[in-house]
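Going down the list, the protein sequences come from chains A and B.
So for the first sequence, the numbering used here puts the first residue at 1; every next one is plus one.
So for the second sequence, the numbering used here puts the first residue at 232; every next one is plus one.
No lab work stands behind these hints, which were simulated from the structure alone.
Note that beta-carbon positions come from the ideal geometry of N, C-alpha and C, so glycine has one too.
Honestly, I wouldn't trust all of these hints.
[Unchecked claim] Reference listing, derived: stretches of chain A covered by chain B, where coverage requires no fewer than 3 residues with Cβ under 8 Å from a Cβ of chain B:
id : region
1  : 88–99
2  : 120–129
[Stated by the list, open to error] Across the chosen pairs, the derived CB separations fall in these ranges:
id : chain 1 : residue 1 : chain 2 : residue 2 : range
3  : B       : Thr446    : A       : Glu109    : 46 to 56 Å
4  : B       : Ala460    : A       : Gly129    : 55 to 65 Å
5  : A       : Arg163    : B       : Phe464    : 23 to 33 Å
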Amino acid sequence: MPIVARDVRVARGDATLLVHVDLTIPADQRTFILGPNGSGKSTLLRVLHGLQRPTAGEVLWGDTAMHPPGQAMVFQRPVMLRRSAAANVRYALALSGVHGAEAERRIDEALGEVGLRHLRGRAARALSGGEQQRLALARAWSLAPEVLFLDEPTASLDPTATRAVEDIVRDIHARGTTIVMTTHNLAQAKRLADSIVFLHRGRVTEHTPADEFFRAPRSPEAQTLLEGERL
Amino acid sequence: MSTFSESLLVAVGLIVHLDPHLVGIVLLSLRVSLTATLVAALIGLPLGAWIAVSRFPGRDALIAVLNAMMGLPPVVVGLVIYLLLSRAGPLGSWGLLFTPTAMVIAQTVLITPILAALSRQIIADAWSEYREQLTSLGATPFGGALTLLWDTRYSLGTVLLAGFGRAIAEVGAVIIVGGNIDGVTRVMTTTIALETSKGDLPLALGLGTILIALTLILNLAAQVTKSWARARFG
Numbered sequence: 001m002p003i004v005a006r007d008v009r010v011a012r013g014d015a016t017l018l019v020h021v022d023l024t025i026p027a028d029q030r031t032f033i034l035g036p037n038g039s040g041k042s043t044l045l046r047v048l049h050g051l052q053r054p055t056a057g058e059v060l061w062g063d064t065a066m067h068p069p070g071q072a073m074v075f076q077r078p079v080m081l082r083r084s085a086a087a088n089v090r091y092a093l094a095l096s097g098v099h100g101a102e103a104e105r106r107i108d109e110a111l112g113e114v115g116l117r118h119l120r121g122r123a124a125r126a127l128s129g130g131e132q133q134r135l136a137l138a139r140a141w142s143l144a145p146e147v148l149f150l151d152e153p154t155a156s157l158d159p160t161a162t163r164a165v166e167d168i169v170r171d172i173h174a175r176g177t178t179i180v181m182t183t184h185n186l187a188q189a190k191r192l193a194d195s196i197v198f199l200h201r202g203r204v205t206e207h208t209p210a211d212e213f214f215r216a217p218r219s220p221e222a223q224t225l226l227e228g229e230r231l
Numbered sequence: 232m233s234t235f236s237e238s239l240l241v242a243v244g245l246i247v248h249l250d251p252h253l254v255g256i257v258l259l260s261l262r263v264s265l266t267a268t269l270v271a272a273l274i275g276l277p278l279g280a281w282i283a284v285s286r287f288p289g290r291d292a293l294i295a296v297l298n299a300m301m302g303l304p305p306v307v308v309g310l311v312i313y314l315l316l317s318r319a320g321p322l323g324s325w326g327l328l329f330t331p332t333a334m335v336i337a338q339t340v341l342i343t344p345i346l347a348a349l350s351r352q353i354i355a356d357a358w359s360e361y362r363e364q365l366t367s368l369g370a371t372p373f374g375g376a377l378t379l380l381w382d383t384r385y386s387l388g389t390v391l392l393a394g395f396g397r398a399i400a401e402v403g404a405v406i407i408v409g410g411n412i413d414g415v416t417r418v419m420t421t422t423i424a425l426e427t428s429k430g431d432l433p434l435a436l437g438l439g440t441i442l443i444a445l446t447l448i449l450n451l452a453a454q455v456t457k458s459w460a461r462a463r464f465g
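This is chain A alone, in the form it adopts within the complex (with noise of 0.2 Å):
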């Protein structure tokens, strides 16, 4: 089901963090949201999640303005409660009730998925950054999410790191999962994304196909963007 942004706009204090967005994010994609900093980009995420309530507007799941479950969202600096990598994910499958056999299973073939299977007794807040951002992964994996939602998941991460992240959300993907995701890092929207909304102090500038946006961009304030990034 797509998710429909309807006239939201988001306010806090005197600031105006997004201004009536009207947004239609289609099933089964990749879609990017980019930026420059302070554009909204992490405002619009958790207001599509769930996380924050908008000032005006409304989000809706298809028909429905209910936010069902069957969401995840993957943190730029991932949060890991004091316990095993392992119990972290039953954790958060407990939270949406999913326990015992059925739980384990889930736990050993998220871990599987993102090659911490042999870490599953390590103290999650004891891996290295790399590692905790895939666990944050696999968590949102062992829920089966219909959307995943992920902010600038590799911004503290290096290459090496940032690959893997970057196979894990193909993997997720290619289940059946529509992905929504934030970055700075255009080359990485270049290899992942299916389609582009630019966002512009709390704007949305353009909603193209990433092909499209990457070969040429409509908004000027895109354009410039991609100017700076191939000085």
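Since the structure of chain A is provided, determine the placement of chain B on it from the hints.
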């Protein structure tokens, strides 16, 4: 010989001879203060966690009051509990005055605000770090608070030690509600106060040395446990 070296000899002598009278006093001290810490933890930690994650009118005022109550004067707490438990008081029919239970109540009242205020701060800091992730996973604030109580267990362990330290070291409250009755409600601090007033300074200081040593041993044990658990469980 100076009072200090003499008192050290007295302390060593007391320990070596394992005087049953002294052992009784030490055990009562530990029993009263450990029980008070346990009861205060059962009240204070959930209270601190709840205040940390919930939002309601008057919350800031409540936090200020709670923080201020960390400095409750033990004599005043003792006096209030005394009035409540005395025969003419509202709880006089319980017949608890001058019993170890009264001492547990007084120390619990004294340290519950400490445990609640410190755990609130620790859990509030953790909540600002975890909130988005836990909410995203579908945790309610109540469930999140329980998760954080467990996840901040090492810091909360230090909070418990602070509460216990305050309880076992205070004299003002237990001497009023306990009455310092030999063999019934006499604990280490009240014995020290008594021996000091009687002029037996070496004995008083010797007992003080044992009290400090006990507290040190308990904190060392807690530190070792914490290091081991941190290495094992992260």
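Quick check: the region 88–99 of chain A, covered by chain B? Criterion 3+ residues, Cβ under 8 Å. holds (count 4)
23 to 33 Å as the expected CB spacing between B:Phe464 and A:Arg163, which holds or is violated: Cβ of A:Arg163 to Cβ of B:Phe464: about 31 Å, so the range 23 to 33 Å holds.
Taking 46 to 56 Å as the stated bounds, is the beta-carbon spacing between B:Thr446 and A:Glu109 within them? holds (50 Å)
Falls inside 55 to 65 Å, the C-beta gap from B:Ala460 to A:Gly129? violated (23 Å)
Can you tell me if the region 120–129 of chain A counts as covered by chain B, using C-beta to C-beta distances under 8 Å and a minimum of three residues? n = 5 at 8 Å, threshold three: holds.
Violated hint: 4 only; the structure is consistent with all others.
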